[in-house]
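There are 2 protein chains.
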Amino acid sequence: MDSKKSIYFFSKENPEGRSGMKNLLGGKGANLAEMASLGVPVPPGFTITTDVCCEYLEKGGMSDELWEGIKKSVGQIGEWSGKSFGDPACPLLVSVRSGARVSMPGMMDTILNLGLNEKTLEGLVELTGQERFVWDSYRRFVQMYSNVVMGMNGSVLEALLEDHKTAKSYKSDADLTADDFKELVIVFKKQILEFRGQSFPEDPWDQLKGAVEAVFDSWNNSRAKTYRQLNGIADSWGTAVNVQAMVFGNMGSDCGTGVAFTRDPSTGEKLFFGEYLIDAQGEDVVAGIRTPSPLCGIDKGSLEKTMPIVYGELCDIYKKLELHYRDMQDLEFTIEKGRLWMLQTRTGKRTAQAALKIAWDMYQEGLITKEEAILRVDPESLDQLLHPTLDRTQLTEELGKALPASPGGVSGQVVLTSEKASSEVQKGHKVILVRQETSPEDIEGMVAAEGILTARGGMTSHAAVVARGMGKCCVSGLDSLFIDREKGEIQLGGRTIKEGEFITLDGSTGQVFLGQVPTKDPDLGEVFHSFMSLADEVRTLKVRTNADTPEDAQKAKEFGAEGIGLCRTEHMFFGVDRIDSVRAMILAENSSERKQALSELLPHQIDDFYKIFKVMDANPVTIRLLDPPLHEFLPHTETEVIELAKRLNLELSQIKQRMLGLSEFNPMLGHRGCRLAVTAPEIYEMQVTAIARAALKAKAENVDVRVEIMVPLVGTPEELKHIRNSVEFVMANELKGDDLPWTCGTMIELPRAALTADEIAVHADFFSFGTNDLTQTTLGLSRDDSSRFLGAYLQHGLYNQDPFVSVDQKGVGKLVQMGVQLGRATRADLKVGICGEHGGDPKSIEFFQSCGLDYVSCSPYRVPIARLSAAQAQIKEQIKQNERSLH
Amino acid sequence: MDSKKSIYFFSKENPEGRSGMKNLLGGKGANLAEMASLGVPVPPGFTITTDVCCEYLEKGGMSDELWEGIKKSVGQIGEWSGKSFGDPACPLLVSVRSGARVSMPGMMDTILNLGLNEKTLEGLVELTGQERFVWDSYRRFVQMYSNVVMGMNGSVLEALLEDHKTAKSYKSDADLTADDFKELVIVFKKQILEFRGQSFPEDPWDQLKGAVEAVFDSWNNSRAKTYRQLNGIADSWGTAVNVQAMVFGNMGSDCGTGVAFTRDPSTGEKLFFGEYLIDAQGEDVVAGIRTPSPLCGIDKGSLEKTMPIVYGELCDIYKKLELHYRDMQDLEFTIEKGRLWMLQTRTGKRTAQAALKIAWDMYQEGLITKEEAILRVDPESLDQLLHPTLDRTQLTEELGKALPASPGGVSGQVVLTSEKASSEVQKGHKVILVRQETSPEDIEGMVAAEGILTARGGMTSHAAVVARGMGKCCVSGLDSLFIDREKGEIQLGGRTIKEGEFITLDGSTGQVFLGQVPTKDPDLGEVFHSFMSLADEVRTLKVRTNADTPEDAQKAKEFGAEGIGLCRTEHMFFGVDRIDSVRAMILAENSSERKQALSELLPHQIDDFYKIFKVMDANPVTIRLLDPPLHEFLPHTETEVIELAKRLNLELSQIKQRMLGLSEFNPMLGHRGCRLAVTAPEIYEMQVTAIARAALKAKAENVDVRVEIMVPLVGTPEELKHIRNSVEFVMANELKGDDLPWTCGTMIELPRAALTADEIAVHADFFSFGTNDLTQTTLGLSRDDSSRFLGAYLQHGLYNQDPFVSVDQKGVGKLVQMGVQLGRATRADLKVGICGEHGGDPKSIEFFQSCGLDYVSCSPYRVPIARLSAAQAQIKEQIKQNERSLH
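Quick mapping for you: the protein sequence lines, in order, are chains G and F. For what it's worth, numbering that gives the first Met the number 0 labels the leading residue of the first sequence as 0, then goes sequentially. For what it's worth, numbering that gives the first Met the number 0 labels the leading residue of the second sequence as 0, then goes sequentially.
Extracted from the complex, chain G is given alone in its bound form (with noise of 0.2 Å):
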């Protein structure tokens, strides 16, 4: 061996190369490798390092050693083959493809069928048989050297063959005849001369040369410089290039091509699973031009039947591989001549469940061990499972597709309000909620909706959290969706529906179809949930719930949260027996009519907070207190606060001055949190009066109450004390010295409170990152008006990701860091969560798990996903460690 190899080979012959030369051989040519080293047949074939695909860069031409090295390799591949490279009685053909260290698919240039020419592909005519389909081998040879190597537009060509099909009025390209290639191929090449002043080669070698060159340039193309930029691939890395020779499954009735899995990637049962057809190329079977057979089974025409003997090779090799790979692999393989030879092996692509599947059983088997079987499947997969999906196969007209806010497929008919929601679902119908945007005050609507469509919005704005805190299917930021609330129609998709007409949604993907769709119900079964016990086992994470009821409290339990991370108050005060309340509330002059109005919601707030604190039993519940601002909870149209006025008899002007006291610029950094608190004390004083006596009244039932009190939007150690204060006062006044256990503490959630934690820390014992207000204020982004530049963002790669779906490292997530260490630095024991919509995000679970946190709290349907991830996070980090502590 060469102190600097240039080439090596892949064939059983001479396997030189290995899957862990993926750095110098590319993932293709060390995968190709692997198998030859296996034993597995391979065509044989070779594989340039990148390493002289950087000299090649470098100097800008290929030197002669290595041409001569590359000839001689060919030479050998045509003695292992039994054919030879521009012999016209058995030419051998090669591919050459590119293969960098990672994949980047379709960024660089692949040619098949090289070798061919006037003379060969006579041979290969007569080797097969087939005239028309060599014919259009060549010709597409033509087409695709042509602008691989040649530079020449590919369009030219592509029109000059959507003339020849016109002229002879044929309808597709099956159309075409092998007398029509024939004629075709001259064209191109005439075309060829003129456009680009040279010829088409014709010699086998000089079309090698031309090919190996443009591959490496490959690397250099626009294209495959963006992906990199976007997949932070060093430019330094070049790519390798494969030559191998081609096999054909179309030579007679001893030949066939197909594909497999070793297990199903549909449900992940352990079956050997695939089609293949007899007599034809790899690409038949993709293009569905003729219906495949089955590998296995009784069926006459199966594999198994036809070709026994090479189904047992087949067997024994999708064994080899499946051992070997310790994961369900997706092969390819072509039969020539009676003779098997795998082209690819890869892992399968695979639904959630069949990934569940395939991870437990193969732990069960012994393949794999407990952290690989978790680490196998997708947590963001898990959410295909939660939520009733589409039947896919019987999709009707698309009239939009925007932002998969809420995962899920429901039809419905169109409402266009809140009120009207609610009225037609108790009338028996089905409802899709259309809005411009939610607010909470259509939360009683979106609750009877079977699923929600808003014009504005991103994946985190109102109607999309609070729809996946429900587990209901939402799609938002439809920007070509125009509402017209007069006409009580929407304009979408060029259609005009009507309300009460029927549309369906697909919260997974973002579609929205006329009519209904039908649903498939999910089916968990117990390997998800044996699973997921792995999972926990594994994890060090806690994962809560974001949970407002104790319906959504109840389904969080049964996905395996571990306590509420967060309770939010204000959705409470919707409820039709006590919004009037909160408005007098609002409108109240002074403390003592202030505090009449509170009076009235506190029954309400007490048997709030029981139910909770009963389903809870045992496990931590944090409520927050009043957040968000006032306004929000006053009606908004003139008819509205019209009844308003008359219901609690007052002045119409009265209300409405008031209303514009309280309108704001930029609610969002308002006359919120404890903002309302300081201004109003009685709110928070009836908030925590009603959580002790729901706690004692629980405990008297021999619950297990365990309340966190949070305060919200807190910048200042002062206000936290300030507030902590009061409800200490409270707190001891109801409780009478019960020693019912209970803590106070904070959000941390704008940017002052994680830079001032260690201050903060001294009056709190918890901390609960609100990383959605965080990334609000710490990026100044509105998530309710970012739709409107995101997709730009992302697109120029400005923002690498949605930062209210993954959280923000360098920037929210420095906070986070520093509110962490601050914190601790104060208070060591100080108990650290996260509560934004992040807490359900893998990406930001692992970061989380990063930071020391004790736990993340997610909205229900996300448990299990958060689970998951918390496990992966936990297995990640000790891999680290365990090379950390290796170096």
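The list treats identical chains as interchangeable, and a pair is accepted whether it falls inside one copy or across any two copies.
Here are the simulated EDC-like pairs of lysine to aspartate or glutamate, each with C-alpha atoms no more than 20 Å apart in a straight line:
#, residue 1, residue 2
1, K842, E876
2, K497, E396
3, K610, E557
4, K118, E182
5, K224, E717
6, K813, D757
7, K318, E364
8, K813, E717
9, K813, E758
10, K809, E717
11, K875, D326
12, K419, E436
13, K71, D86
14, K655, E436
15, K655, D478
16, K613, E561
17, K655, E485
The hints are simulated quantities; they were obtained by calculation from the structure and are not laboratory data.
Once you've looked at the hints, dock chain F against the given chain G.
Using the frame of chain G, we list chain F on its own:
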């Protein structure tokens, strides 16, 4: 001396303390001791130390030893003053006063005339011959003592006094006779016995003991506690107690009392200045019942003429004290039987003008150093000098009081719209623009108006900031103001004022007056400029200005600005000659329409920039590219929208839909700043083109152009890189190789920008901290909405200052520090400034100096304030460094 001395005498005969012993003797005690040690005659007395106070409070009582010491010391005072405590023949009376380390005015208790009882008062009557005065003093003593020492509710005795006056049909206290007081004292004592269950003490020693204990106890009264908390005074310091012989200026025509300033406190002239009354008590001068005579001059009533010897003594003393304290002193003295006693000396309060003059003169006289002179003037006070002010001797009815948003005193006719303001001013009227709150579209009206009054918004609301920028008077956030646009009137202070009626604003106090109040013009004078040059010699921090027009730039330059730190380009967009083009640009449906509209704006922008470059010749000009959300430029009323549609030849519905699409929930966090340029790059391209062309045009006229292009609202390095690329492209294109110097940098106004400043600095030649927006985002506090709760926050001590006035050092300041540190870690030569409103706030400037900033930028009228503040910051830093190098 004891190892732990409890009592220190102050008197010529035995001055035991010094002014440096404030921690032990309190401010008052140390100062009296200092005077005594200079040989200045002060009524003899002694100070009980703060240590004793602490011991007393800890033990909860006075030790016998201490009491013996006090008694002995009182005896000594009597000896020195030739009187005797409790002696009816020649009674010694004393005052008992608190005196903490720092002045806590009015927080703790004081008792005068102690030692008076039924016997000693007879002696005093004989000595003074003033029966009414002595009895009045006694009843005051009884009231004061019973309240302070015995815990009697003061209003009870006050009510008895009122009853007595009513019964006698007296109109004022002056009608009360000696006999009335005698009666009252009897009634008082009876009431005290009844209410407190104990007799009023007749024994002077009992009186003294009670008084000393009461003063000690007053350290812990709730008033004092709150004051300490608010002012950061430690509870552990304690207060000293001063017991001092009373002297009387009302014992005959060889007696008198007066006050004096060593220089004129109003103008600063070096003239001894003061007033006195013959045969009178101290209070009488202040109360203004009798007209006092001047101290100096040929007036035959002057002290100089009537008591030349005493006057000579006084002159010697005032010179000695000014020389000793090296500052203008405010003196109080009493002449008792031809003998001069100094009761107080302290640094005299003075007007801004006097402060400047005194500091400059004393520096010229060699009395103080340059640095001391600079530190002597409160930078904030300069504001008084720059704006015309109301003649406060001629005030009218006050209608309300809100925030003093921008100083000055102006009168004008009320107008409610910007248009009305312009049209009325064109007719030659002076107007006050009254708005709920202003927005950029009000600029023309604000320019036209004399002053601005708003019902909403804080010290840095739009109205306040723009008004200060223009040097225009503004009162903001007047909650009690109700604007009725339909009726064309406002309601305020119980009055209804129609458009066209006059009101007057005092922007320095926040007051609003009915009708017109005369004003006084400012007069800067030579001393001002000499003094400011002195400051400039010292400071290292550069001072620039925020200016959007050539006029503002010119004014700022006159005030000493060294460049423009922030030239906002959005205000230029509102000119009547261009606003329609701006709107056409916003409503454009595609890039080419947008470019058309922008091409109409280009010549205007070139002209704007060209004129500013000319004014700022050889000074840097930082131009910020467009920042506000586009909807700010659209009209708001239905009528205006209809007219716009006509002018632009657009469908009304089209405009409305576009306007709806542009509206935002939180515009502050919305589609603005560089985000506009990501979605519509044409806008910045036009602006940069205009900058380049204007610069070349000015350069051709030999103007030394130094342009800095500033990108707003950057949150990620990618954003800045993206915009910078485009800026570089346009500049290269326009400059065509010209070597005109220009740089490109960014605002740091989002927490994320500060947190990732190391990465952002890669693409920035300079940083400019936008601390207005940085405060809004870091604290999550909308400056337009905060006025509703800011008052409560300041009141409860949750903020110790309005964070929009003085920078929040712990939060926002921490981000500024991080930003500077991280930025300079990447690029050591990074130029760093600040262009928020804090750039004109002295406390903030001191902080920015400590952060290592290169410059601050503020509105033109604050440039002198910033220059002085920067000089003071430099001096204070130097002092700290010297102190550190000593330790």
